[in-house]
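Q: Got chain A; can you put chains B, C and D on it based on the hints?
Residue numbers (my numbering), protein chains in the order written: chain A, 0 to 602; chain B, 1291 to 1609; chain C, 748 to 880; chain D, 444 to 719.
Keep in mind that a hint or two might mislead.
The calculated BS3-like cross-link candidates involving lysine-lysine, where the alpha carbons are at most 30 Å apart (straight line), are [claimed, not checked]:
#1 LYS829(C) / LYS780(C)
#2 LYS1492(B) / LYS780(C)
#3 LYS618(D) / LYS678(D)
#4 LYS545(A) / LYS217(A)
#5 LYS1494(B) / LYS780(C)
#6 LYS678(D) / LYS66(A)
#7 LYS829(C) / LYS217(A)
#8 LYS678(D) / LYS699(D)
#9 LYS1494(B) / LYS829(C)
#10 LYS1401(B) / LYS1439(B)
#11 LYS1439(B) / LYS800(C)
#12 LYS132(A) / LYS1492(B)
#13 LYS1492(B) / LYS829(C)
#14 LYS1446(B) / LYS800(C)
The following label-pair restraints were derived from C-beta to C-beta distances [what the hints assert, rightly or not]:
#15 VAL459(D) / LEU461(A): 21 to 29 Å
#16 ALA268(A) / ILE848(C): 34 to 42 Å
#17 THR354(A) / TYR1517(B): 39 to 47 Å
#18 ALA552(D) / LYS132(A): 44 to 52 Å
#19 THR354(A) / SER1444(B): 39 to 47 Å
#20 THR688(D) / THR354(A): 40 to 48 Å
The hints are simulated quantities; they were obtained by calculation from the structure and are not laboratory data. Ideal Cβ positions, reconstructed from N, Cα and C, are used throughout, including at glycine.
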Amino acid sequence: MSAGPNATEPNPHDHIPAAASNFLTRYVFSTDHKVIGVQFLFSSLFFFAVGGLMAMVIRWQLAWPWKPVPILSQWLWSSPGLGGQMPPEFYNKLFTMHATIMIFFVIIPLLTGAFGNFLIPLMIGARDMAFPKLNMFSYWIMWPGFVLITLSFFVEGGAAEAGWTSYPPLATAARSTPGSLNGQTYWLLALLCAGISSLTGSINYITTIVMLRSPGMKMFRMPMTVWALFITALLQAFALPVLTSALLMQTLDRLAGTNFFTPVGGAVANAPAAVGGGAPLLWQHLFWFYSHPAVYIMILPGMGIASDVISTFSRKPLFGYKPMVIAMGAIAGLGFIVWGHHMFQSGMNPALGATFMLSTMMIALPSAIKVFNWIGTMWGGRIQYTSAMLNAMAFVSMFIIGGLSGIFMAATPVDIHIHDTYFIVGHIHYVLFGGSTFAVFAGIYYWFPKLFGRMMSERLGLIHFFLTFLFFNGTFFFMHIVGWHGHMRRIADPTVYEFLRTPGVVGMNQFMTICAFGLGASQLIFAWNFFYSLVAGPVAGPNPWKANSLEWATASPPPYYNFETLPRVYHPPYEFSVPGGEDDFLPQTTPLPDNITLDPVMA
Amino acid sequence: MAPADAPTHPAAPTHPGDRAHGHPAADASPAPATPGKVAMWLFLATEIMFFTGLIGSYIVCRGGSPPTAYSNLYPPTTPLDRLGDSKGVVLGAPGADPARAAEAIAAATGKGEAAIARVLAAAPHGVVNGLTEEGATKLAEGLNRLGAKAEVVSLKTSSWPRPYDPATNPLSIDLTTVNTFILICSSATMVLAVSAIQRGRKAKCSLYLLATVVLGGVFLGVQVFEYHELLEGRIYPPGISPTGHFRPGVSLFASCFFTVTGFHGLHVAAGVVTLLLVFLASLTGRFSSRNFAAVEYAGLYWHFVDVVWILLFTIVYLV
Amino acid sequence: MTETAEPTLPVAPPTPAMAEAAAQAEAHAPYLKVLFGLMVLTILEYGYARFFKDATGPLVFGLVLMAAVKASLVGWYFMHLKFERLWVFLVLLPACLLALILTALLFPDFVMRQEPLDEPVRQAPRAPAPATA
Amino acid sequence: MRYWSLIFALAAVFSVGAFAYAPFSADWWLPNPAGEPYHSVSTFGREIDALFLIILVLTGAVFIGTQAALVWAQFRYADRIGEDGLPVRPAQYFHGSQRLEVIWTVIPAGILVFLALYQMDTWAKIKFRSASPRTPVLAEVTGRQFQWAMKYPGPDGRLGTPDDLFTVNDLHLVKDQTALIHLKSADVIHSFFLPQMRIKQDAVPGMAIPVWFDCDRAGRFELACAELCGWGHYKMRGDVVVHETEAEFQAWQAAKLAEQGRSQIAGADEPEGDDR
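Excised from the complex, chain A in its bound form (with noise of 0.2 Å):
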């Protein structure tokens, strides 16, 4: 590979810091950007873990409803009374906690935590983050979280089980449900936390980004995954304080007794009544008009993953790049606005449902134009065949789908039927899964070499790959179907009902179970993979992929300084295949051919 000419001035002011001193401040409480994304990486690895097993239980149930669950149901739940049964309380608690522990505690911190922090300084070119210590901060006030998420099982009552959405008066009436009755306060505490680290660190992102950008690095020079962060950041800064103050309020209604989201005289289970005048639907405003954003910023980092590795292995330049930023910005700006599509059937205003239905309809085109420049990043490319590039394309083609089925649920009259039930929960777990959790896994497999210097085993990554991509869609896919055959979700028990006693919604609900621990075991071969590589994979260079943004320009991994000096950048990271070029790749510090003048609309 050829490092390029580095064009850099060496600037007499700019110095490479003292390296941290002891064991602690390098590994622990760092402030290394790339440590705090690699503690990320790891904790939010473990939770998925132990959300996926929650998630293959909760499939086991829906396939063989009150079968004992094999091995796990001998020290989870069972009592000798109930003979190995799940109690109904426990599927919803598990349901509640593998939707909470996915989103908050897995796919946000992986995307912002994670790549977040170890990609933002090293694609700019900064030495670290603007500030070190409120990254660290950022990492350690997720603990508490960790802490206290896990520990409300072992509270009287157990976990929260009033659905990650924690509808009041469910989730602050005591006795609703058993886990209301303590765990709900350990599940608002523990989202507190998680909160207060993605805030601090959306601030940290945005001004990194805004201010500690390298020579040469202007705003439209960045890579999509850089952008695709700051746009999350943006969206985090602006939407997370609502669910803050929405999750004090609701804290202090279960602990001081307010009034916010009871009704008046509200009453359950026989409870004394409450004095009340406030409203449930509240609550839902409040809460989705975080959380609607909140699957952007689920899904935004993933497109830009999507983005980098996309073009970097077609061999091609990134088809609309600036299109791609707009139409990203008009994700978050429509995001904003969206909100109300959750509550159509809740007993909001009709009229406001209408407004809602027509600018959930509009945020479906950004999503579109992205979809069809990725195709067109690829048309006329050089497609080489990686466990990242695969899975990226996995990340197009399943968004597709979750994007397609999302419009069924725009169309207010059709979503009349289709509300909470298994269709909801296909195109959630499509745009999850499928979309986010792809674009992880092709995230993890393309910058892996950066992160810790080896090479994950590429045979490994394509079994992996395969595995997953078909257990994927058998497990979710059929959730579309019995979702319009009206199958609710978070019932623990669909045979309840005549019309989901057929044996077609049975078999399909023991085929999806059959495929999701396929995909769980399939996730195994990418654990081996990992770890096996992390201390015996192949030594990697500097720049094994050939790529042209700046991470690439730094030893692998990084040192702690990230560059011997900072780099100069002269043009956007997706010139590949530059005609005339003596490589298909042409990193951003090298300075463009004087022959080649860029799209000023396009690049």
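A: Then chains B, C and D, alone, in the frame of chain A:
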């Protein structure tokens, strides 16, 4: 919002000064902002959204409150349509012999001891409710004969506690106006501190910082006093609270009041602590006309807290 | 959170904006004038609230107007928005806009609550119930 | 290498195949009465199904188009290394096309706006209060953990009178008559879900929400709770019985009233329920 163009503008292609490691590039053109300032304003934007969640909820809770939610005679959210008896007696003063006044009330209404004690304690705004017109007249006359001050009132409802109405609203506007003055003054001393250090007047800056801390502390003290009065110190008539104490659970108004002013108070407390640290730092002489970022950022935060209070004072107390 | 502006961080070079601010600040007058204005407005608010306490419309309108003026005074002069560049407003305006959008979109559900269901009255019973009971 | 595209093709074919097969199986299609798998029983159901089909066809076409383009790109443009160890074909170097961007912005935008506007009418008919039928109320339905409590006005046609009929998990209506119910909740949020009639509405404590629908087939249907309401959410199931004639309904009501009269509860003026 326009995230796509938000960041593009001042992004000078020049090296913005590698702040994390000191020594801003001397040859670089002056950065339009420092990372600290960007982060501070971003933080304030998140704070705006946080208070939007709280104040927006307050506004809609208030706007959506049904017209009969509060009344001068009955506790909030009492279903008034089922109550036939809608006269009450306001006890201005229990007179020379409260025990006999209590007896009179007990005879007229059959209320328990605790309830009657609350009526007496709530004077001059004590309210005896649940009376017929005739009963109310009789009781008022009887009480007046005992030397107490009492008058008959009829039921008046409102959708929200009205300011200056002691029967429904426990908040003291006078006290809080004074407190608002104090906070505004602290904002002024804060900006004077920044202005002083910008001109290199270190001693003056410290002095103004100290003044700000003290004024902030006084504001907090008054708020603590107010909270104590509301929660414990006084007994209020039933239109405010069925238990006599104004606590977060007694009505939606109480919930909103304690939540918004409480979180504002926490912000003030955090500001006072920060300013105290900045003040102590200023005593070491580390701030100068070229290095006053910490003072400036603390000031921004402090002014923001002041702005929030200006809104809260208007929305919660006056309107 | 203000600790983000750690005192250990190095000197921020006085930007032109700050220099200008410093120059403006040479005279105390604007700050004291603003303070005076804020005081007057507070007293005005106090009196206005007392005077209009029974007229909700003018009360809310006038007080919110005065509060907005006060808030802008603090922002404009004390927070030095007067001297700030575009980027600060690019941070603040989206937040303010979203604040308005959120509050406004809450109105249809809570403030303009739909009228309660009128208890239905049948014009005539559908059919006389067979006298079984 | 290029054969990796086949797995993506497989997924697309599988998806399209499943959707294409779905209408031919009663279990895979929208829920309808057992005997008539392709007949949606309610007026709103037919409208919703039609809209559903329109979206299904539109998204199906887009799906097939994009997946075909994706798979074709994957297949056609896979990197191939010649015998000399060099790529057979270089990658093309271009940054995009303004014309294409405009085309694939404007056309989907048009389709989406059309879809949104096309739905409005049905939505308004089903949910807007101004569209609620001017018929007497059939029943007040109150969700509570974990059952549906129905209150029928009884012979006098008024709710809240001594001849009200109370049932649990048992909703009766008459064929071809618009049924108007008042939906309430006594404790937490529930959701009134009639799968075969494509009706869903959350029951929110503190609110009374009108819901109206009809049914053109007599028989038994199911009522489900679609919003998580606690540990027993899954079993919050009710029966819906559609009577052939008004007389049949009246007879059922009379019999039930008689039964209620005999039982001791009936004497009390208000059995539980949240009548405020």
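Q: The structure should be examined with respect to each hint, and the outcome stated for every one.
A: Going through the hints against the structure:
1. At most 30 Å may separate the alpha-carbon atoms for a hinted pair to count; LYS829(C) and LYS780(C) meet this at roughly 15 Å.
2. With a C-alpha separation of about 23 Å, the suggested pair LYS1492(B) and LYS780(C) falls inside the 30 Å cut-off, and the hint holds.
3. A threshold of 30 Å between alpha carbons decides the hint, and for LYS618(D) with LYS678(D) the separation of about 27 Å falls inside it, so the pair holds.
4. Simply put, LYS545(A) and LYS217(A) have alpha-carbon atoms about 22 Å apart, close enough for the 30 Å limit, and the pair holds.
5. Taking the CA atoms of LYS1494(B) and LYS780(C), the gap is about 19 Å. The hint holds against a cut of 30 Å.
6. Our distance criterion of 30 Å between C-alpha atoms is met by LYS678(D) and LYS66(A), whose separation comes to about 17 Å.
7. For the hint linking LYS829(C) to LYS217(A), the alpha-carbon distance of about 28 Å falls within 30 Å, and the restraint holds.
8. Of the supplied pair hints, the one linking LYS678(D) and LYS699(D) holds, its CA atoms being roughly 24 Å apart against a limit of 30 Å.
9. The straight-line distance between the Cα atoms of LYS1494(B) and LYS829(C) is roughly 24 Å, inside the 30 Å bound, and the hint therefore holds.
10. For the given pair, LYS1401(B) sits about 20 Å from LYS1439(B) by alpha-carbon distance, which is consistent with the 30 Å threshold.
11. Straight-line distance between C-alpha atoms of LYS1439(B) and LYS800(C) comes to about 26 Å, which keeps the hinted pair within the 30 Å bound.
12. Among the hinted pairs, LYS132(A) with LYS1492(B) is consistent with the structure: their alpha-carbon atoms are about 28 Å apart, no more than 30 Å.
13. The hinted pair formed by LYS1492(B) and LYS829(C) meets the criterion: a straight-line CA distance of about 24 Å does not exceed 30 Å.
14. The hinted pair formed by LYS1446(B) and LYS800(C) meets the criterion: a straight-line CA distance of about 15 Å does not exceed 30 Å.
15. Against the hinted window of 21 to 29 Å, the Cβ-Cβ separation of VAL459(D) and LEU461(A) comes to about 25 Å, which satisfies the hint.
16. At about 37 Å, the beta-carbon gap between ALA268(A) and ILE848(C) stays in the expected band of 34 to 42 Å.
17. At roughly 41 Å, the beta-carbon separation of THR354(A) and TYR1517(B) lies within the given 39 to 47 Å, and the hint holds.
18. In this structure the hint that ALA552(D) and LYS132(A) lie 44 to 52 Å apart at CB holds, the actual value being about 46 Å.
19. Checking the proposed 39 to 47 Å range against THR354(A) and SER1444(B) shows it holds: the Cβ atoms sit about 44 Å from each other.
20. Between THR688(D) and THR354(A) the Cβ separation comes to about 42 Å, which falls inside the hinted range of 40 to 48 Å.
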